[in-house]
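*Asks:* Listed here are the chains, written in short residue letters.
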Amino acid sequence: MTTLQGRSKIVWVIFLSSLGVLIGCAARLPTAKYELLQESASSLLNNTTDTYFRIEKLQHRFAVTTAPDAAITRQSFKPLIGGQSFDLTPELRFREDALEVLVDYLQVLRALATKDYLKNVDKATLQLGGSLRNLLESSQLLPESQETKVTGIFAALMNQMAREIVKQETRTALKQAMDLAQDDIDKLVALIVQSNLKIKLTIGVMLTPLINHANEVRPQAGTLPRLPFDLEFAAIIAEADEIEASLDAVNRGLEKIPAAHKEIRRHLDKIQSAFDSLQELAREARRAQKFYRNLKD
Amino acid sequence: MSHELAEKTAGLASRINNLAVLHSGKHSRQLLELQDQLARLTLLAIVRELNAEHEAYQAAMAGIHQAIDLIGEADKKIKKITEVINVVAQTINAIEQALMDAAL
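Chains A and B, in that order, give the protein sequences.
Everything in the first sequence is counted per the numbering used here, starting at 3 for the first residue and increasing by one.
Everything in the second sequence is counted per the numbering used here, starting at 6 for the first residue and increasing by one.
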């Protein structure tokens, strides 16, 4: 009898623990996946910031090297032609701000998926609000057509975040936030990817005249200044190559974000997924961290 | 909206670059200066949203085609290099005008 009671106790303990695990699983949010999604996007943003900075440096070099052969004035080395500016910096800032909005939105999701979500969501939402304002400001420095592309981005989400979402059960809140954001994510990613393709074209356009000018002033073979000159110019070419490759890598990663977002959203509905896009995104984001490390700064 | 102007301007710049390598002295120098200007205009055309229907845009495209026809493949020295330089200089003015007038 005692043995039987003991056995039945054990069975109950096993049953209750299994039930606990099952309930836990059912209620458990894919926190790690939200973390991976946000961290990967954040890595792409870091790489983008670095890449854009290098493009600005290349543009400066190009503007100085191709300055018209005339007396120096304050305007001489500015990126101008016929009084019109071809400065890429406002374009780059706008794209960087768009990516920052995306990263901050993913941080909101990450915060929503945490235990201490009320406090974390508040902070993340404020940050997202700030980055949305930055994006709108940087779009206003560009032609109106650009401003239109980002007007209203995440407006529905922000509206809901301020009112309803956080009052709900976390899983429902996440579902609602992700559903409201999916179209805007598609839009933001398309905007940045298209821009990076456009920006990539500028690298070759700037590099060819730099090479021509270098050939004009290259020290003669066998002279002492030849090697340092060539080494310096080799670094410029290598950096331009890395910039182009890096823009491609960032684009490959970015293109996975909408699908990875959808995969996690489907997971909330308990639909099985292999998370292929999320894995691809993480792989590209890791790869993007490795650019420029062999270059001399 | 179109980026064809940017592509064609870049194409013209590339031909001028090839010509500059084939020529020497004053002509080479002048061609390189034209190439610098074309490169700057290409960048401007890349960052601008342009209306391809605008007459200034179409005039610039016609100018580029004319210059490219005159230069050909830019794979050998050109006898009428002074004429080429003048036509390209006029084309540059037309592109500048298009980038100003056809901007959206």
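The reader is advised that the hints may include incorrect statements.
Partial selection, computed: residues in chain B whose CB lies under 8 Å from chain A [as the list claims (entries may be wrong)]: (1) 25; (2) 27; (3) 28; (4) 37; (5) 41; (6) 48; (7) 86; (8) 101; (9) 109.
The set of hints was computed from the structure by calculation and includes no laboratory data.
Because the structure is a prediction, the values reported are computed rather than measured.
Note that beta-carbon positions come from the ideal geometry of N, C-alpha and C, so glycine has one too.
*Asks:* Tell me the numbers of any earlier hints that the structure contravenes, in ascending order.
*Replies:* 2, 3, 7
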